[in-house]
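K.L.:
Below, each chain spelled out in residue letters.
2 protein chains.
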Amino acid sequence: MASSNNDHDQVKSAGLFERLWGKIVKFGLMLKKLGQDDPRRIVHSLKVALAVTLVSMLFYFEPLYDGFGLAAMWAILTVVIVFEFTVGATIGRGLNRMMATLVAAALGIGAHRLATLSGKQGEPILIALFVFVEAGIVTFFRFIPQMKARYDFGLLVFNLTFCLISVSGYRDDEVIRMGFERTNTIIIGSCTAVAVCVFIRPVWIGVELHNQIATNMEKLANFLEGFGDEYFSVSENSQNRDKSSSLQGYKSVLTSKSSEDTMANLARWEPGHGRFRFRHPWKQYLKVGTLTRQCAFKIEALNNYLTSETQTPQDVKSIIQGPSVVISSECGKALKELATSMRKMTKSPSKDPHIAKSKDAAEELKTVIRSSLCKHQDDSLDIIKDGAVALLLFEIITCTEKISEAAHKLASQAHFKDVKPRVTPVQENSGNDGPHHVITIEG
Amino acid sequence: MASSNNDHDQVKSAGLFERLWGKIVKFGLMLKKLGQDDPRRIVHSLKVALAVTLVSMLFYFEPLYDGFGLAAMWAILTVVIVFEFTVGATIGRGLNRMMATLVAAALGIGAHRLATLSGKQGEPILIALFVFVEAGIVTFFRFIPQMKARYDFGLLVFNLTFCLISVSGYRDDEVIRMGFERTNTIIIGSCTAVAVCVFIRPVWIGVELHNQIATNMEKLANFLEGFGDEYFSVSENSQNRDKSSSLQGYKSVLTSKSSEDTMANLARWEPGHGRFRFRHPWKQYLKVGTLTRQCAFKIEALNNYLTSETQTPQDVKSIIQGPSVVISSECGKALKELATSMRKMTKSPSKDPHIAKSKDAAEELKTVIRSSLCKHQDDSLDIIKDGAVALLLFEIITCTEKISEAAHKLASQAHFKDVKPRVTPVQENSGNDGPHHVITIEG
Chain A
1 MASSNNDHDQ
11 VKSAGLFERL
21 WGKIVKFGLM
31 LKKLGQDDPR
41 RIVHSLKVAL
51 AVTLVSMLFY
61 FEPLYDGFGL
71 AAMWAILTVV
81 IVFEFTVGAT
91 IGRGLNRMMA
101 TLVAAALGIG
111 AHRLATLSGK
121 QGEPILIALF
131 VFVEAGIVTF
141 FRFIPQMKAR
151 YDFGLLVFNL
161 TFCLISVSGY
171 RDDEVIRMGF
181 ERTNTIIIGS
191 CTAVAVCVFI
201 RPVWIGVELH
211 NQIATNMEKL
221 ANFLEGFGDE
231 YFSVSENSQN
241 RDKSSSLQGY
251 KSVLTSKSSE
261 DTMANLARWE
271 PGHGRFRFRH
281 PWKQYLKVGT
291 LTRQCAFKIE
301 ALNNYLTSET
311 QTPQDVKSII
321 QGPSVVISSE
331 CGKALKELAT
341 SMRKMTKSPS
351 KDPHIAKSKD
361 AAEELKTVIR
371 SSLCKHQDDS
381 LDIIKDGAVA
391 LLLFEIITCT
401 EKISEAAHKL
411 ASQAHFKDVK
421 PRVTPVQENS
431 GNDGPHHVIT
441 IEG
Chain B
1 MASSNNDHDQ
11 VKSAGLFERL
21 WGKIVKFGLM
31 LKKLGQDDPR
41 RIVHSLKVAL
51 AVTLVSMLFY
61 FEPLYDGFGL
71 AAMWAILTVV
81 IVFEFTVGAT
91 IGRGLNRMMA
101 TLVAAALGIG
111 AHRLATLSGK
121 QGEPILIALF
131 VFVEAGIVTF
141 FRFIPQMKAR
151 YDFGLLVFNL
161 TFCLISVSGY
171 RDDEVIRMGF
181 ERTNTIIIGS
191 CTAVAVCVFI
201 RPVWIGVELH
211 NQIATNMEKL
221 ANFLEGFGDE
231 YFSVSENSQN
241 RDKSSSLQGY
251 KSVLTSKSSE
261 DTMANLARWE
271 PGHGRFRFRH
281 PWKQYLKVGT
291 LTRQCAFKIE
301 ALNNYLTSET
311 QTPQDVKSII
321 QGPSVVISSE
331 CGKALKELAT
341 SMRKMTKSPS
351 KDPHIAKSKD
361 AAEELKTVIR
371 SSLCKHQDDS
381 LDIIKDGAVA
391 LLLFEIITCT
401 EKISEAAHKL
411 ASQAHFKDVK
421 PRVTPVQENS
431 GNDGPHHVIT
441 IEG
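Residue numbers (the UniProt record's numbering), protein chains in the order written: chain A, 1 to 443; chain B, 1 to 443.
FYI, nobody ran anything at the bench for these hints, they're computed from the structure. A virtual CB, placed ideally from N, CA and C, is assigned to each residue, including glycine. All clues stand as given, with none of them false.
Here are some chain B residues pointing at chain A (derived, C-beta under 8 Å):
#: 1; residue: L34
#: 2; residue: A49
#: 3; residue: F59
#: 4; residue: V131
#: 5; residue: F132
#: 6; residue: G136
#: 7; residue: S168
#: 8; residue: D172
#: 9; residue: K257
#: 10; residue: E300
#: 11; residue: S380
#: 12; residue: K385
Start from the sequences and build out the full structure, keeping to the hints where you can.
P.N.:
So this is what it looks like as structure tokens:
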């Protein structure tokens with residue numbers, strides 16, 4: 001009995017060890033996947049490590065340390081706090097921290113001076129009053145939406161520095177030296193963070209936003225290109241839900257608003273880089289994003305009919321099949337081309353042939369509905385469902401057209417490149433500028 | 001000419017002054033509105049000011065200051081950084097900061113000790129190596145989604161403290177005292193912030209989430225209750241867009257996902273309070289929220305028909321009017337009652353009479369569609385539009401039912417109160433417990 005108990009314990013502890021080991025392996029695999037999914041994460045971690053190590057040199061080298069002393073720790077603190085994944089976020093935090101520290105340190109020193117005028121008795125009371133009033137006002141300012149969007153961190157740092165300087169001044173008479181030290185070390189820390197972030201494999205949040213908007217269009221395009229085949233080939237009792245799962249990528253577009261807003265806010269901090277200028281039209285990106293999301297709402301409604309358990313009979317579906325497939329796939333192609341030219345930062349031709357084709361198909365579909373849909377002998381409810389799919393497709397054309405207009409406006413505001421079609425020089429025209437006619441489409 | 005120029009300048013400067021004054025007035029009014037919209041903002045600002053002033057006492061009183069010295073500044077820093085609007089956010093940050101500082105300080109001291117073993121030459125190299133490795137690993141950990149959701153701030157503080165302690169140790173031999181000071185002052189700061197946040201007019205983020213979910217249901221209910229009248233009374237060329245603007249409140253529900261996720265994450269930090277226990281089923285709130293949002297997507301589609309410029313002729317609309325109005329308003333009532341009982345934290349009766357009524361109306365509507373819709377002599381396209389509205393109403397019934405089920409599950413998981421209907425004592429039954437039958441519905 002005792003031996004069996006012992007065995008049992010051994011098995012138990014072996015099981016415990018194995019489970020623990022399993023968890024560690026799982027954690028390791030998860031970390032590996034995180035790194036593989038986006039190797040820039042590893043680069044970012046190394047960049048932060050580098051920046052912190054650089055700044056900690058202030059402690060190791062005698063001449064540097066003599067200048068700052070223990071205040072050098074503010075530089076380390078600043079690097080850790082300011083360094084973010086993207087350039088926009090890092091510059092935003094860095095500028096906020098530097099400006100806020102500068103202004104708050106000056107005001108803090110002023111408050112300290114003012115308080116000392118009132119003698120040793122009144123000084124702590126006056127300082128406490130200043131701190132109370134300043135903290136209350138600045139905290140309230142953080143509720144102002146425009147402030148919150150861009151200067152929230154700055155207000156926090158302002159609050160912090162003002163309190164720190166004015167209160168420490170009561171004990172440390174060298175309050176001005178302290179204000180300077182804090183400001184200088186914070187500037188060193190912020191600049192180190194920003195420099196490492198910008199000059200070593202930078203991740204521009206503007207580019208991220210640019211790509212996300214294009215990716216979202218592609219997600220819608222994938223659904224629309226696949227919808228026709230899926231919907232009209234689905235028989236009444238097939239496992240259509242599984243089959244259509246490859247089309248469900250558009251779902252993430254439904255809830256992308258807040259991430260796009262944040263990105264646009266941070267992108268405004270970024271200097272010009274590559275073909276993104278300083279005043280790139282980020283607001284127009286948000287407009288394209290909003291229209292894309294509205295289109296995603298229509299697709300969500302369309303997807304309902306695709307994944308519904310009670311499918312319309314095939315013979316009712318077939319009434320609208322021809323033009324519907326054309327509309328869906330042409331809108332998909334239009335969106336895909338818009339996304340492609342956005343990625344390449346080129347202007348796409350303003351007259352989109354795909355939208356024109358889908359409009360023609362829509363006219364055809366309207367005729368079909370008027371002429372034959374209601375005359376069919378099937379269940380009226382099925383006919384209505386069929387018609388509802390058609391109506392949604394009409395709406396998707398409108399949406400696609402709106403997206404296309406907004407994307408064109410964006411292309412011109414952002415000075416995307418013109419793409420001239422490849423023209424082979426024709427003999428008759430080759431008088432003056434013949435050879436120049438050979439223009440290849442730039443990638 | 002000169003005089004006219006002078007006049008012009010005067011007018012200009014007066015204009016400048018007036019414009020400046022106008023801006024100041026506008027800013028003041030905006031601040032006033034911010035305070036009036038949510039007076040808790042003013043209370044919060046005063047609370048932060050109070051907490052900072054309390055902690056700054058560490059500097060003013062001799063005995064307190066003798067214990068901490070300038071390290072007391074960490075307490076001020078901590079209060080400003082930790083104090084957030086809601087209890088959940090404040091406790092989350094406070095715990096993160098305290099735990100991370102404790103662990104990182106211990107490890108930092110250990111790293112310093114280990115480095116000193118290698119002599120004065122090797123020490124800075126070893127410390128730099130430790131800092132590099134630690135910063136890299138911890139920064140990478142911040143990418144783990146589960147970590148990011150709850151412990152992001154803790155990882156930041158860990159990074160900060162470890163670097164600070166191990167690096168400063170190179171210059172300041174009293175590294176252990178420094179570690180203790182930092183830990184102690186940060187604990188004082190965190191506890192002050194949490195105490196002021198919890199004990200003076202606390203804002204519980206759990207309650208905020210609870211109310212937002214109920215408000216969102218009410219927004220949908222408002223649309224549905226108003227839809228019937230609006231849609232069927234809108235004639236083809238009235239300014240229907242303006243009229244329906246009062247129904248557009250549901251739009252905010254479409255994009256509420258990220259704010260709900262954040263709130264649920266922070267609510268898990270909150271201790272039990274009032275009728276919210278520590279392990280309140282926050283995840284179930286998110287489920288109700290998701291279903292509400294899905295219903296909002298249907299309503300968005302319905303709203304399209306309401307605000308469309310090309311309205312279906314009145315005589316086509318009138319075919320489906322009767323049952324449609326019933327479905328819409330009964331679903332609206334069902335949602336409104338769910339929202340009300342959620343606000344009161346009571347269990348609503350599991351058999352919802354409004355959903356039953358709307359289902360009956362749906363059967364009626366199906367019969368109408370089958371029997372007469374397609375036999376109408378109007379434009380088939382209008383008939384299809386009419387039918388599409390009916391289909392959306394059917395989907396809204398399904399959605400409402402799902403929301404109702406999820407809300408009931410929430411009510412039982414969260415131990416909402418039972419509401420027994422008011423029963424007047426009947427003579428025949430009044431033997432043993434007659435008087436107890438008089439139960440009033442608790443508010």
